[in-house]
Structure formats: C-alpha cells, structure tokens
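**Student:** All chains should be modelled from the sequences, with the hints used to inform the complete structure.
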Amino acid sequence: MKEKKESDYEKQLNTKIEERLSKMENSDYVFAKPFSKKDYLITFAVAFFCLVLIIIGAYL
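Numbering of the sequence shown is given in UniProt numbering, commencing with residue 1 and proceeding in unit increments.
Think of the hints as simulated: they come from the structure by calculation, not from any bench.
Treat the numbers as computed from the prediction; the structure is a model and nothing was measured.
Backbone N, C-alpha and C define an ideal beta-carbon position, used for all residues, glycine too.
Each hint should be verified, as a subset may be incorrect.
Stated by the list, open to error - Below, computed lysine-lysine pairings styled on BS3-like, alpha-carbon distance capped at 27 Å:
# : residue 1 : residue 2
1 : Lys-11    : Lys-23
2 : Lys-23    : Lys-33
3 : Lys-16    : Lys-33
Stated by the list, open to error - Ranges between beta-carbon positions, derived for each pair:
# : residue 1 : residue 2 : range
4 : Arg-20    : Phe-48    : 34 to 40 Å
5 : Phe-49    : Gln-12    : 38 to 44 Å
6 : Ile-56    : Gln-12    : 45 to 51 Å
7 : Gln-12    : Pro-34    : 49 to 55 Å
8 : Asp-39    : Leu-60    : 29 to 35 Å
**Tutor:** The following block contains the structure:
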C-alpha cells in the first residue's frame, strides 16, 4: 500500500515537473532579474546586522 502511494506521488511530481519545464522552455518565459550590486549590499548588511545582534545577545 505504501509503495502505491509513493508511486502515485512520484507520478504527480513528474507530471508537475514536466509542466514547469515546458513553461520554462517556452520562448515567452520571463526569467527573474539577476542580483545587482545593491541586492548583494543589502544581503550583506542584513547578515552583518544579524551577526552583530547574535554577538551582543551572547554577552547579555
């Protein structure tokens, strides 16, 4: 019984993967813009801020 459920799940998963791949292979598909310098700077700033808060919290 468990094998049948996994098999059904795998079939659904494979169907969904095929649908998404066909959409992505379509010439009309719009990909996301790559990260800019501003995006990397914001990511670094947030990570640095979180690290500082963790260090401060360790001394409380």
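**Student:** Work down the list of hints and note, for each, if the structure agrees.
**Tutor:** The hints, checked one at a time:
{"no.": "1", "hint": "Lys-11 to Lys-23", "result": "19 Å, holds"}
{"no.": "2", "hint": "Lys-23 to Lys-33", "result": "17 Å, holds"}
{"no.": "3", "hint": "Lys-16 to Lys-33", "result": "24 Å, holds"}
{"no.": "4", "hint": "Arg-20 to Phe-48: 34 to 40 Å", "result": "35 Å, holds"}
{"no.": "5", "hint": "Phe-49 to Gln-12: 38 to 44 Å", "result": "41 Å, holds"}
{"no.": "6", "hint": "Ile-56 to Gln-12: 45 to 51 Å", "result": "47 Å, holds"}
{"no.": "7", "hint": "Gln-12 to Pro-34: 49 to 55 Å", "result": "32 Å, violated"}
{"no.": "8", "hint": "Asp-39 to Leu-60: 29 to 35 Å", "result": "32 Å, holds"}
Violated hint: 7 only; the structure is consistent with all others.
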